[in-house]
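Whole structure, please, built from the sequences with the hints as guidance.
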Amino acid sequence: MDTAFSSEDLKFQSDVREFISNNYPKELKDSIGTKRKTGKELSRDDLMSWHKILGKHNGWSAPGWPKQYGGAEFSPTQKYIFEQECARAECQYIMPFGVNMVGPVIYTFGNDEQKAKHLPGILSGDVFWCQGYSEPGSGSDLASLKTSAVKEGDHYVVNGQKTWTTLAQHADWIFCLVRTNPDAEKPQQGISFLLIDMKTPGITVRPIKLMDGSHEVNETWFDNVKVPVENLIGQENMGWTYAKFLLAHERSGIAGVARSKKALERIKQIASAEMSYGEPLIQDPAFKSKIANAELELSSLEYTELRTLAKDSAGKGPGPESSLLKIKGTDIQQMVTELAMEAVGYYANPHLGTTLSNEYVGPDYATNLSGSYFNFRKASIYGGSNEIQRNIIAKMVLGL
Amino acid sequence: MNFDYTEEQTLLENMVTSFVRDDYDWDTRCSIVKTEEGWKEENWKKFAELGLLGVPFDEDQGGLGGEATDIMIVMEQFGKGLVVEPYMPSIILAGGLISKLGSADQKNSIIPEIISGDRRYVFAYAEPQSRFDLFDVKCSATLDGDNYIINGFKSVVFGAGMATHLIISARTDGDQRSKSGITLFLVDIKSDGITLQNYPTIDEYRASEVVIENLTVSKENILGELGNSYEAIEEQVDLSTIAICSEAVGILQVLKDSTNDYCKNRKQFGQSISANQAIQHRLVDMMIEYEQAKSILYMAITADLSNSDERRKAASAAKARIGKAIKFVGENAIQLHGGMGVVDEYMISHFFKRATMIGILFGNVDFHMKRYTDLTQSNIQSINEDDGINLS
Chain R
4 MDTAFSSEDL KFQSDVREFI SNNYPKELKD SIGTKRKTGK ELSRDDLMSW HKILGKHNGW
64 SAPGWPKQYG GAEFSPTQKY IFEQECARAE CQYIMPFGVN MVGPVIYTFG NDEQKAKHLP
124 GILSGDVFWC QGYSEPGSGS DLASLKTSAV KEGDHYVVNG QKTWTTLAQH ADWIFCLVRT
184 NPDAEKPQQG ISFLLIDMKT PGITVRPIKL MDGSHEVNET WFDNVKVPVE NLIGQENMGW
244 TYAKFLLAHE RSGIAGVARS KKALERIKQI ASAEMSYGEP LIQDPAFKSK IANAELELSS
304 LEYTELRTLA KDSAGKGPGP ESSLLKIKGT DIQQMVTELA MEAVGYYANP HLGTTLSNEY
364 VGPDYATNLS GSYFNFRKAS IYGGSNEIQR NIIAKMVLGL
Chain A
47 MNFDYTEEQT LLENMVTSFV RDDYDWDTRC SIVKTEEGWK EENWKKFAEL GLLGVPFDED
107 QGGLGGEATD IMIVMEQFGK GLVVEPYMPS IILAGGLISK LGSADQKNSI IPEIISGDRR
167 YVFAYAEPQS RFDLFDVKCS ATLDGDNYII NGFKSVVFGA GMATHLIISA RTDGDQRSKS
227 GITLFLVDIK SDGITLQNYP TIDEYRASEV VIENLTVSKE NILGELGNSY EAIEEQVDLS
287 TIAICSEAVG ILQVLKDSTN DYCKNRKQFG QSISANQAIQ HRLVDMMIEY EQAKSILYMA
347 ITADLSNSDE RRKAASAAKA RIGKAIKFVG ENAIQLHGGM GVVDEYMISH FFKRATMIGI
407 LFGNVDFHMK RYTDLTQSNI QSINEDDGIN LS
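Protein chains in written order, with my numbering: chain R, 4 to 403; chain A, 47 to 438.
Mixed in with the good hints there might be a few duds.
[Said to hold, decoys possible] When the alpha-carbon atoms are kept at most 25 Å apart in a straight line, the in silico DSS-like pairs for lysine-lysine are as follows:
1) R:K331 - R:K247
2) A:K310 - R:K149
3) A:K80 - R:K40
4) R:K212 - A:K313
[Claimed, not checked] One side of the interface only, derived from the structure: several residues of chain A facing chain R at Cβ under 7 Å:
5) Q243
6) G385
7) S395
8) D412
[Claimed, not checked] Some residues of chain A that are not near chain R, with every Cβ distance over 10 Å (derived):
9) M47
10) T52
11) N89
12) E95
13) G108
14) S149
15) K153
16) V202
17) D238
18) L329
19) K399
Worth flagging that the hints you see were computed from the coordinates, not collected in a lab.
The beta carbon of each residue, even a glycine, is placed where N, CA and C say it ideally should be.
Put into structure tokens, the structure is as follows:
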């Protein structure tokens, strides 16, 4: 047993650190920092420019992709280091929809034309993807989805409604699960995986406001949308297999250990500035003990993630254990956003820390901390709710 | 022993319930919080007509002479409607300070105006460094002839943008964290020297930062004794704490009941999600938390609130315990609503946000757990010694 980085890993770590410090644009950091703090929506450029920079550097925008498709093909340890260094420098995270979700589906199940058409745009960050999975009646029970695709000549005609389509307002393409056989014996057997150009006539995107006031998700409506049959991934009615493959990929990055570590550091700084009982809050035994508790949880999760990675690098695949990373990772993210809100006492109240006439209110660091707490309630719901993750572990790991 | 309301209390409850039902349905409430002012002055007039503004005041001042139970009845129903008009800040907290400390002249001239709805006072106490310590006051008042000159900064003053007057706590003597030397001043909110920065809160109520620069207040407008107001402040904040606990219990009921209904109606995998035992147990735990919250509230309102130690214990016990219930019931209400829980459009997130902000007001769980512990657990060692119990 040895958890120390090898000399190659350490060299890789210093390369990554140096690359970030030389290439992460300061203007981008400032722009995103200000917008996040004041609850302003990030622009497509804010979300994608770091991706584009990484895309020009040895496939670093796609750390897990094989080299033959232009990816970095990092080892699991390198992926871990890369993620840690990006979080440490507070880099904008890479949108997962292209790189982590549809990309691996395309290079695993797509044909050569699809690979040639779509992979370069995902890698470079020029094409923005979104995910068309959930529907109003199909959340946890995704396989009950109703959006239909009926083949007419060389097209599918798509009708229905997707929901929770994250950042669809920026998207060029959407990957969708659609029902191609309504008469299949099991609902899973009649589903296909379609790639749809968002500019196709008949697609309407409507914003959904979240409880902190942010606009991250949307409803996406399809009204007689014509999709060329060459946009079908793999075989018709086999979409559920590809969807499950994709969901396992989605879950593997979800623990967010490095980001939570960074957030805890920030809370300690805030708690050093805030006063409680006439002393800095960080001296308050009750608060200190909550920080320590969060650190313990995080430290355990970090080693759980490392153990999963080690297994992954031995070729055993992430498996259903990744559900554990999702559950604990989101637990901790929520714990941390709550602690941050708690640290600032009454200054959790002002909405976005500004008056109606845009004057700032309260300490700079307090802005939108309650917004974050409320926003992050989503984490235990999205990507398969934590209840569903427990079902997966119960069934697949414990054999119950 | 009974936990029943008197006939008058039942009438009061019915009145507030029908106000919330008829004049404060969800769409109306949403349109009110979106206005520039963030409240509806007409509702305040309605409160006056219904006699609600007089609930806690003495009958000889024109009030109803209500007690903790009556205040609970009003606040619980207001909680169920997420009523944003500043009833607690103005009637319970500021009104309570004036009733407690006012001279006969002050009471006679002010309280009838409050009850009629013509004046609204709110109490500016918190400061950036004070957190939940009511005695941590930097804001200073210095004597200048027959006047005091006040300078300082007050944080997150709820309802100030809707008020006609302020009560300001300022230091006339002592160190920043001394319990003595704190004096209260009554001032017109339009006075020179007061600048308000009004803002909406995350839960769609309104609060203000109050900047006080060379504000001149005559000695006559001191409320209570010079330098000796801390105990009264603590008392009125305790009673207001119990009032917002009542509001929280009303909100928790909505969170619990709506989640129950949602889980029964929402179908996945061909059945209601409430058919899953994991969901059933969660709903049961939410119900238990709600009942425990309601019980500790009943403990608090039936305690001997005229005894200062009993009152301190009751307020902190209720706030600490209800704070825990808010987190459990609130977070699980959102979780079990799934995506519908995190959107702005559906009412459940608004109840969760308000409950969470009540959790902070007048001290969070940690603050009240510490206060309750300090009040109740300091004699353990001496009890053992007195009884001669040998634990070894």
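Among the hints numbered above, which are violated by the structure, and what are their numbers in rising order? Hints 16 and 19 not satisfied by this model.
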